[in-house]
Every structure is written in structure tokens, then in C-alpha cells.
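Participant: Please build the complete structure, drawing on both the sequences and the hints.
Residue numbers (this note's numbering), protein chains in the order written: chain L, 1 to 592; chain G, 593 to 1184.
Hints are not guaranteed to be accurate.
[Claimed, not checked] To list a few chain L residues with every Cβ distance to chain G over 12 Å, as calculated: (1) Gln12; (2) Cys168; (3) Leu234; (4) Arg323; (5) Glu476; (6) Leu567.
[What the hints assert, rightly or not] Label pairs and their computed distance ranges (CB to CB): (7) L/Arg176 x G/Glu627: 49 to 57 Å; (8) G/Ala838 x L/Glu553: 52 to 60 Å; (9) L/Thr578 x G/Lys909: 22 to 30 Å; (10) G/Ala597 x L/Lys46: 38 to 46 Å; (11) L/Arg176 x G/Ala597: 32 to 40 Å; (12) G/Ala838 x L/Arg61: 31 to 39 Å; (13) G/Gly1174 x L/Lys470: 38 to 46 Å; (14) L/Glu553 x G/Lys1083: 54 to 62 Å; (15) G/Arg876 x L/Pro166: 28 to 36 Å.
[As the list claims (entries may be wrong)] Result set (BS3-like, lysine-lysine): computed pairs, CA atoms no more than 27 Å apart in a straight line: (16) G/Lys1062 x G/Lys1083; (17) L/Lys491 x G/Lys1083; (18) G/Lys1048 x L/Lys506; (19) L/Lys480 x G/Lys1098; (20) L/Lys456 x L/Lys376; (21) L/Lys470 x L/Lys456; (22) G/Lys601 x G/Lys612; (23) G/Lys1098 x G/Lys612.
Please keep in mind that the hints were generated in silico from the structure rather than gathered at the bench.
Think of the CB as a built atom: it goes at the ideal place given N, C-alpha and C, for glycine as much as any other residue.
Number of protein chains: 2
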Amino acid sequence: MPAYAAPTKDIQFLLHEVLKVSEAPVPGYAELDPETTGAILDEAGKLAADVLAPLNPVGDREGCRLENGVVYTPTGFQAAFAAMKEGGWNGLDLPEEFGGQGLPYLMGSAVGEIFVSANMAFNMYQGLTHGAIGAILAHGTPQQKATYLPKMVSLDWTGTMNLTEPHCGTDLGLLRTKAEPQPDGSYKITGQKIFISAGEHDLAENIVHLVLAKAPGGGEGTRGISLFIVPKFLVNDDGSLGARNAVSAGKLEEKMGIHGNATCVMNYDGATGYLLGELHKGMRAMFTMMNEARIGVGLQGYAVAEAAYQSSLSYAKDRLQGRAVTGAANPSGAADPLIVHPDIRRALMDQKSFVEGARALTLWGAALIDRTHRSKDAEAEAMISLLTPVIKGFQTDMGFQSAVQAQQIFGGHGYIEEQGMSQFVRDARIAMIYEGANGIQALDLVGRKLALNGGKAMMAFFEMVKGFIKDNAEDETLAKDFLEPLKQASKDLQAAAMFFMQNGMKSPDAALAGSTDFLHLFGHTCLGLMWAQIAKAALAARAAGGADPAFLEAKLATGRYYMARQLPATGLHLARITSGAGPVMALAAEAF
Amino acid sequence: MPAYAAPTKDIQFLLHEVLKVSEAPVPGYAELDPETTGAILDEAGKLAADVLAPLNPVGDREGCRLENGVVYTPTGFQAAFAAMKEGGWNGLDLPEEFGGQGLPYLMGSAVGEIFVSANMAFNMYQGLTHGAIGAILAHGTPQQKATYLPKMVSLDWTGTMNLTEPHCGTDLGLLRTKAEPQPDGSYKITGQKIFISAGEHDLAENIVHLVLAKAPGGGEGTRGISLFIVPKFLVNDDGSLGARNAVSAGKLEEKMGIHGNATCVMNYDGATGYLLGELHKGMRAMFTMMNEARIGVGLQGYAVAEAAYQSSLSYAKDRLQGRAVTGAANPSGAADPLIVHPDIRRALMDQKSFVEGARALTLWGAALIDRTHRSKDAEAEAMISLLTPVIKGFQTDMGFQSAVQAQQIFGGHGYIEEQGMSQFVRDARIAMIYEGANGIQALDLVGRKLALNGGKAMMAFFEMVKGFIKDNAEDETLAKDFLEPLKQASKDLQAAAMFFMQNGMKSPDAALAGSTDFLHLFGHTCLGLMWAQIAKAALAARAAGGADPAFLEAKLATGRYYMARQLPATGLHLARITSGAGPVMALAAEAF
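Facilitator: Set out below in C-alpha cells:
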């Protein structure tokens, strides 16, 4: 079974040397000194290594089971959930007035990575709750907040999101679940929802379902949709649990991965629901929740890849097979370790340079969310809105590929379930699909975000890259290895955006045929920018006589790898984009 | 459950319009007229669709089980195996003197694709037998051939290949299984082998294991290795089965996929074995078998992708979700089918253009094998030797990606096991690993095949591309859409080969750090050549008033897609290769 150790040193470096959080003018950031964040990360790392990671293969092997309407989670999940509650981890970045610790979202993300790496399926019970809390915080009445939030923040109760129905996933306009108004102001909710993560389980006293449904008078399509709170147990006025609501898990899905999480078919048979937010404005309320959920999924992309990388690195150092082509590296042994072979080294560097770059991008994104909420910074809000589909789509595509590379290093052993590498690949696969499949992320990016407010956010990104290059042009090391490739990538990105502007009006297909390529082109450019910033910070720390020179050299070498070997992908994506819709749409649907 | 229909029209087109088999001067090819090959493919297609494909999810769900040393295959496998035997399919391309039908290897490949698409795990029982037959044909004594081959050709007995041990996979020099010579000329084989596909099962009366082991006096490393025949039941002089040999399955592995195939730990406890081929020349004998096995695995790469593609195409046509950006395509329905969306179309074209191109490359490779064996054509032998790692490595990497794309089209439904898409992905994954992990294929290509005989085969490939471009330069349609991109790809491939020549002598790491990229660069160029040849054939057929104009137009559109959207990948691979070993090897092993 693969061991896991939290990458606290790297997270600390990003927080304090790259993002320089405690100097940033964001309310709550001043308290984030290295000692504080280090202590939090260390504690999270202990829980992850000692409790969560050992349960990861157990959850995969056992899965959940449904018996007489009750869902049982795998052995050990209850105890681990109790430990998670006791540590107050769910409330880390939630408001103090509801029992949270009020730390920035940034710290929630930093800690979230550690928990996801250790046990993605387990962490979803908490992750979904966190998302539901966000929606109630944003749209709930004072009474709804008082009723639900303290119990959810403490994890006594958990939450879910109910969107998908058998005949509609992405296209929510087709949904059929009905909400009938009752004289007391509540609604009767009737319909079937599928793919509901953590829909039913034995970890909490109550489950608070947030359900999209159609109430009368809202019109056709998505306009008629409202969002409802449907608790598993109704809540009495004194906060105690009342009657069981008419909502139940009809089935558990057998999935490719994340077996430890219960993915349920949920049946609503006239269940009592309470409107959350405005009537017929459910989609807007849902999107509040979804944007941060998407960043959370983007985080899963690299967090699972990090865990897989750690395992593959350890295997590459231990497993003796073949001899280095440049002469025996381990002459007293029967063979050299795998890590001596250039193609193995390439596979390790691909993983390492992706994971560390994605971590930087995600933490930057989390800081933008803090600036949006804590500083009411409209530019930060526009930027994170633009970056959200990139963080979600690019990082989960690459994270899956990265896990596949980790598995490949194990050869035949990687294909055997016992080794745990198959689980990483199977778990990572879902992140490309849920919270909007990656094709939908690409569509959101190209069809909506790119041109939003006259393309202001996209322009701001280009200005930011340009400014960084200009400000650091004098540094010869940065200029050659980092700024030149970044400039080229940014040029490719601009050319692609220009192509869409010139052709998208005449033929929307011309833009959409290149949407996935644009998502990846943008993702690579973001990681190029991250690596340039990391390199700058590493050079500065080195010049200042930083405490850990080997760490700083490794940062520079890993960044150079990304710039030399990964960033040139922008040229390929641009070539595909500018080939236009022609090759993609030439074959009529019936000619396939 | 996904339906499967054999792509007989495409295979017929490749055999008769592209390869023009019945005109080719290869013994046995003249009989391969369209009626004959069509009848064979139709029969294979029926068996695949009616018997094998329905068993595919059954095998995945049930897997095999080991009880008291007996391995039970999934429900229905025995009946299907009986049907396979009765049809004489295993002997299709095997010598008539041992009960086969003596058809070319090319037909074995064409039919093999169909069986693998329908049920990869099931087909492995036959596939491994086929490989073992090849080794006995090439290295067996007349008596060994008479004893084993008729029963194996008829599938009364099956075969296995036993290479891997717990501590050694790729590096066979480390193997520990011992062969002690006995007075009667036989050997006692003792040791443990792992990952033995079809090592034990209930489909055949006897299992003929081919086992690599060390006999005394052979020296260190791979030089001391010999190959042995170790039957599960010893064979009496009259051909009847004798005593049970001391070989048994100690364990079944739990794997990510191919659950229907029994992957065994095999224990040899002084089992009786017979030397196959020369003493201490076991590696050579094994490679005979392995080269064709590798092409068979390359075939699996696109065959599973074909099955996954068919499912995703059918889903994209049926599933209603969203509206076409250019206006409703299905105005009377609640939504348009997925296939109207450009990004879905892209994912379908990626799959289609890969699968059809890989099919052409594999059948060309199979024809080269026929020319090697039937015409003793040394140039064909050199070419297929060069192409083998490309067919294996590139096609299985791309085939896996292609299956992942197919799964993605299903959204959340693709992640549910019931839909069958997860199985395609999990099954396809093994092809990147076994028969030499793809990193080993890249090493074989760059470290051995590229420079073999002074690079003669590589030069012949370049000449072939150049000749094709020159011969067809007058055709304007071909020139613009196909020859120009092919020329660029070939130029990139030459530049990469040149980089290795110039840098590989000084620093072998510089070549090996680019080995996987070279494999993919070469693979794309091969598929570019295939599409150019296919386009030429389609244009010729169209000019001649071919019977199925829609099919020919689809071929041209699909080829154009590959040239415009996939072939530019050669530039990215070249950029990575020419960045050299520096970025890859900069970080010392202990600095990771």
C-alpha cells in the first residue's frame, strides 16, 4: 500500500515565498504567518497520513452497501469522520458565527489538497457539505442559516447537491422534479435524482439535500428552476430532529472508482422542501455553489496525482531493474533502481512539474476567491471566474494523465489492485466528468468567460503576463529559461483568442471546435506563468541565502523542465484551433 | 450494454483498395479475393457480435475464481470457447500440416481485431496459444511439433508464456527459476512465475507452458537462460494425457481489467520440462514469439478503442442534451443529440481517425510479416522489426486515450460500470504495460532498431514516404491536404533521428530522454502515411465510380481531420526531443 506524506514544505514555500500571504492586503491574511500555517498543515498532514490514507484502499475494496434503505460506509470511515469532526477541519475556513474558525479560503484549499490526496472518496462527504454550506450562506434566510449551518459546520449533519436526473445532466432545462407549494410556505418535492454523491450514509445524524426542482409559474427551460433545502429528517423549532422526510436512496451506483463514497439514486416522494434563495432563480443560486465546487474538483485533479506521484517515486527509487546506460549506478546491487533510466525520469518529471505547477495555480485561485469575498475586489472576481474552467478542466485532464504515468512506472505491478495505483487512476477519472464534464468547462471558457465584459478578464491576464515579463527582463536566468518560453506561450494564447474573435461571430462552430484545445493552451500558459513566478521566488530565496538550497535548486530544475518539455504544447493546440471547424464538422452526423 | 458490429467494410477496403492483396506477389495472397475475405470477416463478425460481445461484461463482472487449484472462467466462456474451436478460428493462419487452414497472417490479424473488439479478455486464451504455437513452430523438434501442435492448433490444448518473476519483469537477467538436467534428457523446473495470462483455466484439456529458466553452465545474466516446454499434463507416447506435472496456479491476481482472463502466479515445483530450441539461447527463442505478440498487443490497442468508439458514437446520436449553437437540429425533440456539438464531434473524430489509421498500419505490418515468412523478404523483415515497437507502443497509448475519450462522451453515465465504458478503459490500460511496457518499446526503438544495420530500415521508411509524395505530387487534392502535412511530419521525424545520431554517441541519455517522444512522433508519421495512402485509394475508387460514394467521402474527411488536427503533434515531439537530456536528468535522483 502506498505511503503518503503531506507536501507541507512545498505548500509553505508557495504561501510565503511566492504568494507572500501575510503581506497581502486581504483581511485575515496578516495572521497567516509561517508558524501558523505550518502548524495547521502539519496537523492536517498527520491526520491524512495516520488515519485517512490507510483507509483509502479499504474504501476502494469494500465500497458502500445499501440495505433496507440504510447506506453503510466502509470499515473505519465512521471513526475517521469522528476524527475529522473533532479536529474542526470542516469549519477551518467557515464563519466563526456558525462555529467555524474563520480562516481564509486559501487555507481551506491548502488543507483540502492534503485530505484529498490521502483519501479522495472519504473527503467528498465533507467536500459536498462545504459546498452546501456555501449555498446556504449566500442565499439562506437568517432562520435557515441558524437552523442548518452550525450543525453542518460541525459535521453533525452533512450536505448534498441534487442536479442530475436520468435524462438530463448538463442540460438542466430538461429537468422534471416538481415542487408543489403548500399552504405553510413549504413545498412538496417529487422526482428522481441520480449520481448524488454522499446522498445517504451512516456518518451523520442528518443529511441536508439541496435540490433543483420546478415550481409552477416559472416558464420553460432553466428559467423555471428553483433550489430547495430538503433535509433527511425534518428539524423541529428547537433544533432537534423531527420526522423522517420522504426522501430515500433507491440504489447505489457501481462505479469505476471513488468506491468509498456513496453515489445514490435519490427518490423524492412528496418530500418537504424549503425554498432557498429566490423563486425561479435556482440556477443562479446553484452556480454560486458550483464555481467553488469546480475549483475543488480542479484541486482533486492534482491532489490525486500528487499521491500517485509519491508512490511512483518511491517505487522508482526501490525497484532494481536494468542498468543505467551511462554505467552502473548501483554496482554492488543486482541491478540499478528504475530512477536511473531517462524515460522513467521523464515520467517522474512530467508528474512533478505538473503537480507543483497546478498546486501554485490552485492556491493563486484560492487567493483570488479570498480577494473576491474579503476585499470585494471585482478584478479578482473576474479573474477567478475566467480561470475556474481552466483549473477544473485542465487540471483534471492532466491529473488523470499524471496518475496513469505513475501507474505505468510500476509495470505489471501497477495493474494489480493490491498495489493501489489502479485506484488512483480510477478515482482520478471522475474528476474529468463531474461538476460539469471537461467539454462543458471548455464551452464555458470559450463560449462565455472569454468574451465576458468585452474580454476584460482575458486582457487582464495578458497584461499580467506581459507585466511580469517586463518587470523581470533584466534577470538573465529568468529571461532565458522562463520568460522566453512564457512569452511564446502567451503569444500562442493571444493568437488563439484572436482567431476566435475573428471567426466566432461568423461561425460559432469555429470557436467551439477549438474549445478543448483552448482550455489546454490556457492551462499550460497558466502553469508557465506559475513556474516563472516560482522560479523568481526561488532565485530570490537563493540570493538571500535561503535555508534549504537543495529545495530551491530542485524548484528551478523542475520549472525548467516544465518550460522546455511541456509548455511547447501551446503551439500544437494553436495549430489545431486555427485549423477551424472545417475538419471537425466536415462529416455529417449521419455519415459517421 | 454496448452493441458491437464488425467493421468489415473498412477492413475490406484496406485489404482490396489500399493493400490490393490479391495482386501482391506473396504466396497465398492470390486466393484472397474480396468474396473470400468478405465471407471470412462476416463469419467472424457473427461470432463476435452474437457470442463474444455479450460475454464481455459478464467476464468483467464475474472474473475468474481459483478453488482447490482449479480456475473457473466466467459463465459462458466454455461454450464460447467451444464455438471458437468448432469454427477452426485459431488455425486460420496456421500450417495445414498441423490442422490449420494455412491462410496468411494478414487474415489472422484482420479476424483478430474483430474478436479482440468483442471480448479482449476471452480472446487472450487463444492469443497466448497462438504465440506459443509460433515458438514451437520456429524452434521445436519434429517430435515436439507432432506432439503439441495439432492439439494446440485445434485449441484442445492452450499455451502460455512464462517470463516474469516477482523481482524481475523487464530485466530477465535477474531471473531465478532453475532447470536441472535429468538423465532422460528432460529437466526439472523449479521457481515461481507471475502475471501468467491464461496460466490455469477450465477451457482446455491441457495447458502447454513455455517457461524461461536457467540451466547450469550458461553464465550470468540473460546468457544463461533457456526456454522449456512444461505441459500441465505430461503427454504419453501415444499422445494421450499422462500424469499431472508439478506445476500449479498459486493465486489469481485481482486486476484493474481483463477480469475474464485468469492472470496466475504459477509455481513450478520440480516440474518436468523439455528444452525448446538451443540450450542457453532461450532469449532468442522468446523473442521470436515476442515480436508477433507485440504486434498482437498493438492490435488490441485499436481494437478495444474501436469497440469503445462504436458505443460512444451510438450514445452521441441517441442522447438528447442541449441545442446546436447554429440552431436546433432536432426542433421537434426536447433537445438535440450530443453529436451536434463541435466538441463532441471532435472527440468522435479523434477516435475514428486514430482507429482507422491504426487498422491500416497494423494490416500493413501483418502483410510485412507475411512477406518476411512467405517470401523470405529481408527488407520486409527489417521494416516490420523497426515498426514493431511503434505499433505496440503508439497504438496502445493512443488506444487507451481513445477509450477514455469514448467514456467521456457518456458524462457521468460513463463512470458507472453498468454502461460498459469503464471496462473498455480498464481493459485497454493493460496493453500499454504487458509484452514490454511502452517505455521499453521506446527504448527498443531508439536504442536498437533505429540504428540497426546502419539505420537501413529507417532510411527505407524515409525513402518510402519520399517516393509516395513524389509519385503523387501531381494530384492536387492529395498534395494540399495530405502530402504537405506528411512531408512536414517526415521532416520532423528526420530531424529527430538526426538529433539522436549527433548526440546519442556522446550522451546516450540525450537519445533515451526523447525515446517516448520519438515513438509517438514515428507513430503519428506512420498514421499520416497510412491516411495519405487511404486517401489516394479513396480518390481512385471515387474516380472509378466506386459503389459506395458516402463511404469514400467519409474516408477523405476522416483523413483530412487526422492530417490537420493530429499530425501537427510531430512538431511538439520534436521540440521535446531536441531539448535533450538536460531538463530530464538535471535533478539528481536523491533530489526528488
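Participant: Give a verdict on every hint.
Facilitator: Results of checking the hints against the structure:
no.	hint	in the structure
1	Gln12	holds, 18 Å
2	Cys168	violated, 7 Å
3	Leu234	holds, 30 Å
4	Arg323	violated, 8 Å
5	Glu476	holds, 17 Å
6	Leu567	violated, 9 Å
7	L/Arg176 x G/Glu627: 49 to 57 Å	holds, 53 Å
8	G/Ala838 x L/Glu553: 52 to 60 Å	holds, 56 Å
9	L/Thr578 x G/Lys909: 22 to 30 Å	holds, 29 Å
10	G/Ala597 x L/Lys46: 38 to 46 Å	violated, 56 Å
11	L/Arg176 x G/Ala597: 32 to 40 Å	holds, 34 Å
12	G/Ala838 x L/Arg61: 31 to 39 Å	holds, 33 Å
13	G/Gly1174 x L/Lys470: 38 to 46 Å	violated, 27 Å
14	L/Glu553 x G/Lys1083: 54 to 62 Å	violated, 37 Å
15	G/Arg876 x L/Pro166: 28 to 36 Å	violated, 58 Å
16	G/Lys1062 x G/Lys1083	holds, 15 Å
17	L/Lys491 x G/Lys1083	holds, 25 Å
18	G/Lys1048 x L/Lys506	violated, 51 Å
19	L/Lys480 x G/Lys1098	holds, 25 Å
20	L/Lys456 x L/Lys376	holds, 17 Å
21	L/Lys470 x L/Lys456	holds, 21 Å
22	G/Lys601 x G/Lys612	holds, 15 Å
23	G/Lys1098 x G/Lys612	violated, 45 Å
Of the numbered hints stated above, those contradicted by the structure are hints 2, 4, 6, 10, 13, 14, 15, 18, 23, listed in ascending order.
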